[in-house]
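J.: Residue numbers (my numbering), protein chains in the order written: chain A, 1 to 279; chain B, 1001 to 1345; chain C, 2001 to 2399.
Any given hint could turn out to be false.
Said to hold, decoys possible - Anything over 12 Å on all C-beta distances counts as not near chain C; from chain A, calculated: (1) L89; (2) R96; (3) R132; (4) Q188.
Stated by the list, open to error - Facing chain A, according to a computed beta carbon distance under 7 Å, are these residues of chain B, among others: (5) H1036; (6) S1041; (7) A1046; (8) P1050; (9) Y1052; (10) G1080; (11) K1081; (12) W1292.
The set of hints was computed from the structure by calculation and includes no laboratory data.
Note that CB positions come from ideal geometry on N, CA and C, so glycine has one too.
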Amino acid sequence: MEENELEQQDRRDFLSCLGSALACGAAAVAASALAPPATAATAATAGAKPPAIPGYDWSKHRWGYGVDATKCIGCLRCVEACKKENNVLGDAHHFRTWVERYVYLEGEETARIDSHADPVNIAASGSEGEYRFADRYKDAKVEKAFFVPKLCNHCTHPACVQVCPTGATYKTEDGVVVIDHTYCIGCQYCVQACPYGARYFDERRNVTDKCTWCYHRITKGLQPACVEVCPVGARIFGDLNDKQSPISQFVKNNQVQVLRRESGNAPNVFYVGIDKEVI
Amino acid sequence: MPRHIVRLVLLMVAIGAVGYVAKIFFTADSFYEYGHYRGKSVAEIASDKPKYKGSEYCESCHAERFAEWSKGVHNKSDIGKVVKCEVCHGAAGERDVRGMFEHLATGVDHPNKLKLVVPTDARKLCTLCHEKMPGRPAQQPQIVVASHAGTQQCTVCHNPHSPKLNLVSTAPTPIRGDAARGKAKAAACVGCHGAEGVSVNLPGPSLAGQNAAYFIAALKAYGTGARDNPMMSAFAKGASDDDAQDLAAYFAALKCQSSLTAEKQAAAAGRATASKCIACHGADGVSSNRAWPNLVGHSKDYLVAALRAYKSGSRKGNMMAGIVKTLSDAETENVAAYYAGASCK
Amino acid sequence: MEPFFHASPFTGYVYPNETIIPWTVLIVVYPYLTGLVAGAFTVSSLYQVFGFQRLKPVAHFALLVSLCCMVVVPIPLLLHLGHPERAFNAMITPHTTSAFAIFSYAAAFYVILLVLETWFVFRPHIVRQAQQRTGLLGWYYRILSLGSYDLSEKAMRYDRKWIFTLAIIGIPGAHGLHGYVGFVFGSLKSREWWSSDLMPAIFLFSAIISGTALLIVLYVISCKLRKVPVDVPCLKGMAYALWGFMMFTLLLEGVEFASLVYRGREGIDVIMEFVKGPLVVPFFILQFGVGSVLPICVLTFLIWRGTSGNTLVTAVALCAFLVLLAVLMMRWNVVIGGQEISKTGKGLLSYHPLIFGREGLLAAAMVLVTPLVLLLVMVRLFPPWDEDTTLATSAAGAR
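Start from the sequences and build out the full structure, keeping to the hints where you can.
T.: See below:
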């Protein structure tokens, strides 16, 4: 009888032990689930006070970007302007925007691709801080060739934001994916996650960096620096909410494409004049 | 329950509580304000000072250049082709960078302490857009550098603020003159320009073999006073369009004769300087465009006088004015000797 | 001055920003260490939960190995971070959609679990030391004992139940943790080499074999150091486990690779070029040949022939050592290999590790040695060998 009671006691104790141990374990996990307070989800959409940007209300805009590859001449003024405007590292391994060249030679099925960061093109420009496409195909028979400017796609479902462990990178209400450089821990998970190679690690500041569509310019009514300097109008930027804006007209009047649609990221940089080889 | 287990559970609860308090305490203010990020960072990122200011910023001080540019082909906003000032001259603003962090609205602007680039190597700059290359759309004006300009700088012929050349369009193209009629009318010219258009120690230049289009344009320039010479102006005013056409046809058909007075040594030295001329006037003094004068057959003295006239401004011509500025007196002499020594073919 | 960064040479077309490989040799070490944790814990659980009595000699040792490796896991991550001082941002405001943020919580939870289990297992030892020792170490044990010297039968019964429970939670915990590391890589759709549903499973099984192999090696070395004979049935038990799990791992890796090739999605040409070129030595020769096929053949031969004695001990230890290298190569081939294949699918990069510096080979080697040094200290503080210092806690014992 006594033994029996002891056993029962044991069982109860065991269960309570199991319970408390499980609870302790669960507590740690639960803490993460608890993390975003209930207000977080609603605050973003409700009539919360917009960020303190003088003369700008982010709820009134939805920015979009267009690239007309049929117009691009590969002069790389955009790359230079971007590096300058945003204090980007001045070498051949850090770009917020870059330009690719696709060349089909006669008799070849796939395109030859290079960017201005290719050693041949760096040799032609003279240094990594200057940008120029070398006329490397002048002796070959070129069947078709074109330039494709690249930049961050500011995706609707950004893979980089999804994987950021801290919330240092996020998508603003007006559709721009930005990085909070004072909060980034520099794990570079987002660099890995971006299918477009748009992100890079800034070794001076030890944080990740990428294109912001020049958020400091567009919130002041200016164009992004790359759009500002493009001499042929190959880069188009504007507010998708405004039906008369250049980008709305561009999307409306052209059959636009996006890059890597299958990634599910839903990019917001719209392309015209690219073909199957563009990656 | 045994004491050690009670204490352990209490300890774990305490650690958990401390952790939770720490989380709340250390969570940056404004986090979760709009979503899973620091709400204040939005305004911080937006606060950066823009560096590129747009062409309008330049207009107030550089109105003349701005006007020149805004009328030219580098500002064709109707087709979206606009080469703004900062594309070639660099950003007009600068942003302070304090330590490694930005989000700063301070920094110097041009003209305060920030000097802008005045590109010196136009060959390098202009070819970024205009070098012929596969991949550039056909509507983009492109050149093969070697055959277009040799080693010449683009700015010799083109004004970068309005680079399209107007020479070709102003030259009267169809030559409907008659050489036989022209021969009769040329009797008045012989006194200064020599028989058969070859002037030897006469006041006027040789005209034999001169490009007809240029000839007509030059005569017209005398007529309107754009070129100033009392004698020639009188003649030109008396000459009709038909006269000009006939004379042009006559002189163009004549064979030129090289001046033999050119010193050999100076001519050789002039070859190097002539690299500045050959894009338009050819290595042998025969111009690539009929609207431009041939230099072959002219005397050295005449060529020197012409160059000096451009230099002093008494003879007008944007392009030539730009070139003669770069010529020293010795170079002027030498290059004149070089073309005077060129042989007529 | 140390160079800012180290750009990698490339062939074909790669995105300009890709030329600096983001995740270096430290991120090779990180999954390797978590793998060792999970593997060692598995061996411990086989005894604690499933009652494999022949593993008793290493069961408590395995726990210490697991703990020593686990506390070192954050070090390579912290070394790799651009701003290690901000690392707690990931725990203060964890982004629930990020595999990394959740990992920090999972890892913290698992460290707590390991510490608790070790504490319970060594409590009799702690209490005895607290009563006997004086000085600094005495204080250390007294704090650890939480001021309670209760070693009564009732208290022991409680402890056994806690141990049993923790071990049960620990199995999905350890395996979940490491499977999760696989998910960290496998969930990235940007890299074809990583983007696989099998990644967690492969990571898990290779983790188990690496942990088992580490225990074999450390156990044999510790026996030599202590000058006691190796417990052959125990060693054999671990060798069987190693053999079985290795078969499984090889099968999974084979299936994964086959499906990658068979699906033949965009960029497969470059992947095949990679497999036939730069991957030949690290993968086919080192990981697959020397590290997997050779040990399997030797182990099969040993089991078949019923070898015993010193030959068995030496051969098994050598096989285990090869397996340890193979798993390290596997981590290398996954982490570095994945980044050497460009996201463009049209180019290959080649990673050249630095020797010195924060992310150099030397730092990685030091991180790998740290758990062993820790272990050296731990086995002195908590001797896992003596029967009477620890709580006998197999499944049978708890009942």
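J.: Compare the structure with each hint and give your call.
T.: Hint check:
no., hint, verdict
1, L89, "violated, 8 Å"
2, R96, "violated, 9 Å"
3, R132, "holds, 15 Å"
4, Q188, "violated, 4 Å"
5, H1036, "holds, 4 Å"
6, S1041, "holds, 4 Å"
7, A1046, "holds, 4 Å"
8, P1050, "holds, 5 Å"
9, Y1052, "holds, 5 Å"
10, G1080, "holds, 3 Å"
11, K1081, "holds, 5 Å"
12, W1292, "violated, 29 Å"
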